[in-house]
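Engineer: Could you build the full structure based on these sequences and the hints that come with them?
Protein sequences appear in the order of chains V and Y.
Take the first sequence: its position 137, counting from 1, is numbered 137 in the numbering used here, and each next residue is one higher.
Take the second sequence: its position 322, counting from 1, is numbered 322 in the numbering used here, and each next residue is one higher.
Don't read these hints as lab results, they were simulated from the structure.
Source: prediction; values computed, not measured.
All C-beta atoms, glycine included, are put in the ideal place defined by N, C-alpha and C.
Just to be clear, a hint being listed does not mean it is correct.
[Said to hold, decoys possible] When the alpha-carbon atoms are kept at most 25 Å apart in a straight line, the in silico DMTMM-like pairs for lysine to aspartate or glutamate are as follows: (1) LYS54/Y - ASP15/V; (2) LYS54/Y - GLU87/V; (3) LYS163/Y - ASP224/V; (4) LYS54/Y - ASP42/V; (5) LYS54/Y - GLU221/V; (6) LYS54/Y - GLU20/V; (7) LYS163/Y - GLU225/V; (8) LYS54/Y - GLU83/V.
[Stated by the list, open to error] Residues of chain Y clear of chain V, computed beta-carbon distances all greater than 10 Å: (9) ASN71; (10) THR130; (11) TYR229; (12) LEU253; (13) ASN266; (14) ASP324.
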Amino acid sequence: MGSNHIQYAKQALKDGKSKEEIYRDLLAHGLKVEEIEDCLADATFNEDVKEEAQKKTVRVVATIGAILIGLGIFSFIAANWQEMTREGKMLTVIFSMLCVDAIGWYLREMAHLEKSGEAMLFLGSLIFGGAIFLAAQMYNTRVYWPDGFLWWVLGSLVAAWALEIAAIRWLAVFAGFVALVWYPFGIFSREIYNPLFLTPWLLLLVAAIVFLVSGFKLRREFLDESPNRY
Amino acid sequence: MDTWTAIIVNIFVVVAIIILIIAAIIGAFLRQKHRARRALSDQNWYLQISLSRKDALSQWFLVLGSLALANAVYAINNNFGEVLSWRLILLISVLIFGLIAYFGRSVYCAAIGIVGVLIWWTAQTSFWQTKNNIGYSAVIAVPVGLMWLAILLYAVGFWQMRKMAWKRFGVTYAIIGLIVMNLLLFSFSTESGLRFLEEMTTPGGIFDVWQNLVALLVVASLSGAAIVYGWIGKALIKWEAFFATVLFFIFQLLTALPNQSLLIDNHYTSQLTAAGLFWAAIFNFVLLSEILGAIFAGYLRREIWMINFGTVLLIIFTAVKYFDWFFKFMDKSVFFIVAGIMLFAIGWAMERGRRYLAQTIQPPITDNQENQ
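Structural biologist: Quick look at the structure:
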């Protein structure tokens, strides 16, 4: 396989020839099927990268926008903390979350603006996490603080399962990492030692099951794509 | 600066920061894309930390799932009044990581599980020694066991690397084994390491703590079997097997060492005795041989990662030992000039040597290629 074959494949693709036609032509030139596959992969590589870069740019810009909106919502609540009632704060957060999720859903499913929609749904997960800590703080809930991150993990993983958005999966990894690395220190220092207080282990068990089920499901998909390399 | 200038400057800074962040993220995404594409086609795919986003995410999920399960066991145990010791919980956690590593084919879980085993060994053998209220000598089980475990990991790693699909696991085991070997040898080659060794040879003896003795016998059998099996099965090159055997017996000798006086303390300084000098020479020599051996083994095995790994260790070894040995005795200006010239010379020699080795080695033969 030489560079002239790759050039030929590039030109043929530009001319609108189908891959089957290119296969036939290159087979006639004495190339093997694997060589033709490599040839086509090289010919389409730059185009794929360009297209992928454009998609990524949209995704990154939209995601940064979503994060900024999230920051704006929470800074609004913080700025009006004294004036707002508990119900007002909770309603603001819940309403924001529902609105953002609805807009995200509409953009992705109805308007077919996949990247923008996913960025809004990611924002929904961020607001969900913020809402957990806000609620715990407002109602003076007696919990060990990593529990909040675990609840965030559960919500994010359910959302990631339903929506299949990579950014939400990474968010779950981040929240899970913070919670689970910190947990043993809390138990070891007896910060959360209480025989009657059974929530932590139950929550941990649920988080373990959800993480493992999601992990094995994703792993199966990866192993199907790459059966000989793991 | 007036108000408007301050506002403009602030806006400019914020915009510049946002642009930089966006550019960095886009760059990272593009690099990741290139890397992922390369990773799956590259003949050195097994040196990649992740082969694709799906690979990385699924492994992270499995790691966090295992960690959550381990934490749940720990929390349940605490709620029921600490029925099990935290060391046993650690061992259970290691088993969880091991099982999930195997069934999920997850190299991240495997690496964490192995590190867990090493931590468990250190904690458990120290505990047995404390529980039996024996002198410090029984703690010798910690470094000896760790060295034997490191040898075991190295041999198993290369055994596993023979299977193409498990190659990433093999590299991970071998690297962890090499790191542990180097850390142990390096510790014993320093003054504080020798002081530690001296304390461990005070009367009491490893044989007084039967738990440590049994545990060491088990690890020794596994490690010894791995060397023999690795050599017979050609997973280890004969020089590697020979060096692993030498390391095995040097550390075995430490368990039977009589009371040693290695350092004499003056008011502010300490001096090596004849025995101290002997052991310092032994450990430094073995450490240097081990590092050079790793580079040589990399060349024989046609594994560029071993050459790179050995090269980095050699630079660290040279720099640390130079400071350790000559900083007190030489004029500071001479010290730094000599250090600079020496490092430059080492860098030059290494660049040439590494390039020569990298050019002469061919891609490694795998079972897939053998089958063709």
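Engineer: Against each hint, give a clear statement of whether it holds in the structure.
Structural biologist: The hints, checked one at a time:
| no. | hint | in the structure |
| --- | --- | --- |
| 1 | LYS54/Y - ASP15/V | violated (35 Å) |
| 2 | LYS54/Y - GLU87/V | violated (41 Å) |
| 3 | LYS163/Y - ASP224/V | holds (18 Å) |
| 4 | LYS54/Y - ASP42/V | holds (23 Å) |
| 5 | LYS54/Y - GLU221/V | holds (8 Å) |
| 6 | LYS54/Y - GLU20/V | violated (30 Å) |
| 7 | LYS163/Y - GLU225/V | holds (19 Å) |
| 8 | LYS54/Y - GLU83/V | violated (46 Å) |
| 9 | ASN71 | violated (5 Å) |
| 10 | THR130 | holds (18 Å) |
| 11 | TYR229 | holds (24 Å) |
| 12 | LEU253 | holds (37 Å) |
| 13 | ASN266 | holds (41 Å) |
| 14 | ASP324 | holds (35 Å) |
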